[in-house]
Amino acid sequence: MAHPILQAEDVSKTYDGFRAINALNFYLFPGELRTVIGPNGAGKSTFFDLLTGRAQPDTGSIKYADSDAAPAIDLTELNEYEIQRLGIGRKFQTPSVFAEHSVHTNLVLSLKGPRGVFASLFHRLDSTQRDRLDALLKLVRLEDKRHWKAGLLSHGEKQWLEIGMLLASEPRVLLVDEPAAGMTDEETHRTGELLLSLRGKHSIVVVEHDMTFVKQISDGGQVTVLHQGTVLCEGKFDEVQSNPQVRAVYLGRGKH
Amino acid sequence: MPRLLAHLLLLLALLAAPLRAADEEQDEPAPELAAPPPDRARLVAALLAPAAEQVAAVRALVGAEDAAIEPVLTAWRAGELFLVPLPDGTRVPATLAPAAAHAPGAAPDQLVALAVADGRPILAPASTADSPEPNVRNTNIAPAPLLIASRQLRPLDTSAPLRRAIRDVLEVAGVSDPRPHVRRESIARIGQSHKTEHLPLLLARLEVEKSSVVLRTLREAVALLRLSDPDPAVRAEAFVTLGDVRSLIAAARFKEALALPVGDPSAPSAADAVGMRRSLQRIEGHWARVNFAGNLFRGLSAGSVLLLIALGLAITFGLMGVINMAHGELMVVGAYATFVTQNIFVSVFGAGSAGFHYYFVAALPAAFVSAALVGLVIERSVIQFLYKRPLESLLATWGVSLALQQTFRLIFGPANVQINAPSWLQGGATVADVAFAYNRLFVIGFAALVVFGVWLVLNRTPLGLLVRAVMQNRQMASCIGVRTTRVNMMTFAFGSGLAGLAGACLAQLGNVGPSMGQLHIIDSFMVVVSGGVGNILGTVFAALGIGTVDQVLQPVLGPVMGKILVLFAIILFLQWRPGGLFPTRSRSLD
Amino acid sequence: MSAPASLSAVEPRFFTRTQWAAFLVPTLLLALVLPLLNAFLPADSFLRPSDFTLNLYGKYATYAVLALGVDLLWGYLGILSLGQALFFALGGYAFGMHLLLMIGKDGQYKSDLPDYMVFLGYKALPAHWEPFYSFPFATAAALIVPGLLAFVFGWLAFRSRIKGVYLSILTQALTYAAALLFFRNDFGFGGNNGFTDFKRILGADLSSPDTRRWLYVASVVLLAGVFLLYRWLTRAKFGHLMQAIRDGENRVLFSGYATARYKLFVFVLVAAITGLAGALYVPQVGIINPSEMTPEKSIEAVVWVAVGGRGTLLGPILGAIFVNALKSWATRAAPELWLYILGGLFVGVVLLLPGGLVSLPAKLRAFVARLRRSGDVPVADASKPSA
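Protein chains in written order, with the working numbering: chain A, 1 to 256; chain B, 1 to 590; chain C, 1 to 387.
Isolated chain A, as found in the complex (with noise of 0.2 Å):
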């Protein structure tokens, strides 16, 4: 097998007693589309914090290997803008857009480039870029509201505007976090169908509710339960489905 280009070992993190995730060890492999799943609590938006350096753990190990000949790098020593520019994006639970700021200007801001004080005091859009963002603006279809200030969209346009702005910078590895809530259903699916194309070239995951949308985006991959900030399994989407654990976490969660 392949070696993990995500990959977290024994990793623990205490909020004021509260063990938010507890001996967790997760692997994410190049090109993989990873599902996460769980109950309200159970360590999902916890454990992306810790990936993208908004939180450190207090014990364990967080990897991140480009290719499996390159040096495998610490993420816990680094902090979030430093993980980023390594190639890891995180979309946000709540859409989290620069409101003031119109489609298009949020995309720019997000382009892949130099990130730098002077770089963007002497920035000019090339014409690479442009072609970017054009197609970038068809695909999470927005070419209509691009002078629109982002405050103004809608909630699922939002999330979509933040899928695009993770793809503007190209990132190796997409965190995505509950792209799902509060669209349609058929932009869900779209979401899921965009997600899916995204395979391959991406390694994902995605932290979903929606047993729907997970079920379409899943399609054949690894999912993983997450319970008590811990893998309860990981599995197939059917497997995990059946797993007695699994359904005992999500229905009589009486007993902890």
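Hints are computed from structural coordinates only; laboratory data are not their basis. Here the structure is a predicted model, which means the values were calculated and not measured. All C-beta atoms in this analysis are idealised placements derived from N, C-alpha and C, irrespective of residue type, glycine included. Every clue listed holds true.
Heads up, incomplete: computed chain A residues facing chain C, CB under 8 Å, no partners named:
#1 THR52
#2 GLN84
#3 ARG85
#4 SER96
#5 THR105
#6 LEU109
#7 SER110
#8 LEU121
Dock chains B and C against chain A, hints included.
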């Protein structure tokens, strides 16, 4: 009966008098009404003795327990003691004093004679007929004091040997003074005088002295005098004694002596040096501990003041998220409320009266209520629109603070107003050489009480539950039927009232003026920030910590540099813990 | 928040033709025409601006630069710094040192040393004063000293992600501490009284109308230059990032930008430019003392911006001029009312006109439009707070 009358008269007089009278009243010597001590007769006898016997009689006064000896002998030496002839032919030794204090209606240049025997004015005889001397005029009313027009009486003579005797007696008179503080001063003076001839006197006193405080001074003085004793054993014992009594004077002398170069004729012997060093170590160790304890205590009280100011802020800023730059002015409202309460008590009970001293008890609720009301008005008129715009609440409330300052100036004038501490907050107690001022003790206790009260309100009352609900999520609280507007009002008023309490307390410790609030606002914001916003416990720790560090640094660095250093320390502290001591965590992105 | 996002999606042009005109006409009028009128018209001509007026305008221009800095930080970057008066005053002090040395032996004590040093018993000029004999050095110091302080403070504050209200409180504390320091005699900068009694600048007599006119021109030119620089900054991608940091710093961080560096860059740049404005301010008012660097002064500058309209570059200039003109009028006409006026201005602008003066025309237009629509009866107050 006369005592009661005198007090009543005094009270009446003071009712009309301005505030300051309270101070003067305390400086006035208490009239000597008790029976004169037995040694007084010896003093009078010495004054009336024939010139030849006076020197011996005066010298015999050494060790007499009478507070009058010192002033009378001093007056004698200065030529201000007189023998007042009475109609019956006797002559009474007396000093002269302006008549106004004793006989109402007397002309300003008239004098009365205060008899040495009892300190009371000599009364004029009942008959007005023949006055023994032309310059002594009698008044008609029987018990009135004898009025003397001018200093026509001849002062009692002194001779050179007599003056010497008086000087010698005066030098040690204080040792047997009935007032302990006079005894202490006098004994301490002798101890430092290097005059070993007084040693027997001190040793005699050592036998009879009962006051433990004076006893310590006495032992110190004796040991100091014995430092020059030729017997090394006596000196060694003196070193030990001086170490026992933690004598600072001895410490200074030891240091001086030990610093002398070897070979210096006055350098101490090797054995002495050892004794000195050992003693010095004990003394310095003790005083270092005392200083530390004193600083700690002062720091604790300074921290308590900070805490009182910051507590209100911890609620309005920490819990509600409102940057109230007018918080300092709300504190000033409390201080001025104290001032007004004091003035009301003065006009009702009179300054210095027993009732007056309880004005502060009434001032506390007055300060709380008035500041809370002003806070309520600010909340309704300005802040209620700014709950989601903290930076702008900073600006708007700064505007409010400017307007309030100007209002204070217009009402109370630009100068500081005088607030007199009630008698029960003046003075202090000394425990193991550490001075505990009552007002500081009070502030510490009061702050503890207020913290407890705030905790009770927030955690044990329905209001507290509502407050915490609203502060955590205004919209959600509103959705489940909490009247957020009301809770906001109440919370802000409560925080403002706490500022008022702080103001009332601060009025007891320092000046009260229109811009007093500005002095404290930055400090108290720093306290809340370093404690961790939204956490009352953090505020408590931060306030006490900052107050103590400030007090410990100030003697070393001076008041301004100490303050600056503390400010920078806080800035650096926030580098290490940006959320303060007790950060509040949130899972939302911003 | 209410800051307008005048962001066009296409790469924005720096200025349209109309905007160039709108910029150049007043600039030329102020920097060229007014001084010429002042210099060449007879004293009794009603067209001639008086020396006093020019001096006053020069002072306002330096204030406007200070206000522009506050706005760039607050309106665009979301940092409400209450330390801008400190940077302004530090620039003023640095240049004041030069001016003080230029007095030479013309001081009260006829000594080479500045008067206050003689008074405090200095025997010789402290070594760190020596370079301030040089005009270029002093000017550079007016830029570098505030910039350096801003760098140290900003580096510490931004790397530990102190922001919002906390940063405001910390900058205020910093300013307070610095003012306390400068108020001390033994800190070596003249204590309470600061520096004053300046005589000449670059050899020219400071009291002559000619010199003052040049100082005025320099102030206006500085203001125009700073305006252009800030305009350029806010138009570039950099400007978009500034506003993005203001609206959601964490999102920018997750987009791969080291926001702390952006903030530090702006903070230091603004501090240095503010220091330069302070350096021009001092010779025009003839004095610099610690009361110029108090937190109160900083907050006053924030009010200019709030009154004028933050998040725009015109607003701070208008606000600085308007509030200061109001101040010079009010402190003469009704001194005891000034604090009420200023306080009322704070509260009024924040509550009723969050967009400041520059938002007034739009508000009026909207108001008039609404009047037209609903006949002649006003239905709602257009100036109600929007947020």
